[in-house]
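K.L.:
Given next are the chains, with one letter for each unit.
Protein chains: 2
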Amino acid sequence: MNFHEELADRTAWTENVVKTFLPEESGTQKAIMEAMNYSVMAGGKRLRPLLMHETYRMFGGTGRVILPLMAAIEMVHTYSLVHDDLPAMDNDQYRRGKLTTHAKYGHAMGVLAGDGLLNYAFETAMTAFDCGEDPERVAKALRIIGRKAGIYGMIGGQVVDVQSTGRAIDQEELDFIYELKTGALLEASMMVGAVLAGASDEEVEAVEKIASDVGLAFQIRDDILDVTSTLETLGKPINSDDRNEKTTYVTIHGLEQASKDVEEISERAIEHLKALPYENEFLLELIKSLIYREK
Amino acid sequence: MNFHEELADRTAWTENVVKTFLPEESGTQKAIMEAMNYSVMAGGKRLRPLLMHETYRMFGGTGRVILPLMAAIEMVHTYSLVHDDLPAMDNDQYRRGKLTTHAKYGHAMGVLAGDGLLNYAFETAMTAFDCGEDPERVAKALRIIGRKAGIYGMIGGQVVDVQSTGRAIDQEELDFIYELKTGALLEASMMVGAVLAGASDEEVEAVEKIASDVGLAFQIRDDILDVTSTLETLGKPINSDDRNEKTTYVTIHGLEQASKDVEEISERAIEHLKALPYENEFLLELIKSLIYREK
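So the sequences go chain by chain: A and B. So the first sequence is residues 1 to 295, counted in the working numbering. So the second sequence is residues 1 to 295, counted in the working numbering.
No lab work stands behind these hints, which were simulated from the structure alone. Where hints are given, some of them may not hold.
List time: in silico DSS-like cross-link candidates among lysine-lysine, alpha-carbon distance up to 27 Å [said to hold, decoys possible]: (1) K209/B / K30/A; (2) K140/A / K19/B; (3) K209/A / K30/B; (4) K295/A / K260/A.
Throw the hints in and build the complete structure from the sequences for me.
P.N.:
The following block contains the structure:
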């Protein structure tokens, strides 16, 4: 199997794991389960649970304790999209060609389905205590998700992103948004995989740094593609940042410097990953594919 | 000290405990900490952490492990109010005479501050793992909060409440809303107090039933007062349910039956509380004051 076949295989498996943990659509309140499940199953690359599982495997993890955490991180990611799409936020009617949750189920349900997913993410993650794993290790994993999803992580990044809309921002603010809004959950994904497989504190810290670099390179690449790609390749309008007068890594540093930096950051991440005394060729390929993608 | 002085004292102490766990207002994202802290400190009876602590004391608890859980349950309660007040939900501009969170900080911040509080509630609750308490007991308490706050608890009740707006509902739906929307968090409060003090599964179950009855009696009393009280006594407009064409316990069963039922449910709760082989005179008085209040 080549990498792309393997990626398709593992993504399908990951999606199935996530699906297993979704709530049954029953009871007087079943409308919210429907809205939650619609939101999670509306598509996506399943990147976070995939990275979590591959990091877990790299550190020698073989148990089932990782499964509820994989579902939980995808629920956290999904709730953030559902709330981001609300009229009070970005007011988006479509995502990946499908109606957004509030567009399909109404504004109130958009709020509640997001709340339901965040809460259910923690409920799901806490079932990891039932897997026969050391409870201290599970608690550590839960706390990483809590921290990285919250005001010192993803939500913190979203706040600053919202506040920066419609005005020029400086490098420091842009770094903050990039580090937290997308970076934090990627860090949590890989760190939880490492922690549950029994990695040492130093190893978990190394993984956090790698994930942070991957997230940053991923986003700079996004900014570059918005300028250099074509509508056909990207599958979405190019130059959207320019039209939206959005400050990006490219508008601050220029295309040449951005390309140089993405190269440097990527090399660093890959080097650090290779320096760990463990191997996962697929994880390495996955990270490369994220950074060097053409769309 | 009489009961009312003691209640004022303990409420002030409880409020101070909650305050201790609020996030520091600093960093690039400090606007969200401000909005979260404003929401929590905007007032309220602090009933849930108070009930939690008194139940903990009744079962012989004396440690500090209860403190983060007290703060967490108040954060969950507060986030639910913040999101309930949003334009997409009830669209309320004032609560307890103060601007609601979104009215003061904008709609986007209303969404994010609520998300921030829910996430931070779990983060705060998880610090209970640091208190030297048996991690399995802490995990059990966390899972109770997760379950009772989520789609099988409070959020579930809110969904059905939202769906029932503007149409007549039957006894079954009304019971569902009363049981979950307010009842679930009261149950969680008392159950967590019991669990962390080392109560047995049977005792925790008994406490759940008592809290459920207290919540139900509290709400039927609310419906009765809306009909029988005066604007002066209640401090808010009476007959509001009638004007809003809202189905209540009184509109379904009539005033006489409602009064009879609240009496019966209350007696049952108090009897079950007294039947436990533990004593907390203040908790008993507190519960009576909730049920037999005139406003």
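K.L.:
Could you run down the list of hints and mark each one as holding or not?
P.N.:
Status of the hints after comparison with the structure:
1. Between K209/B and K30/A the alpha-carbon distance is near 24 Å, which keeps this suggested pair within the 27 Å criterion.
2. For the hint pairing K140/A with K19/B, the CA-to-CA distance comes to about 25 Å; that is within 27 Å, so the pair holds.
3. For the given pair, K209/A sits about 24 Å from K30/B by alpha-carbon distance, which is consistent with the 27 Å threshold.
4. Annotation: proposed proximity of K295/A to K260/A holds, straight-line Cα distance about 18 Å (limit 27 Å).
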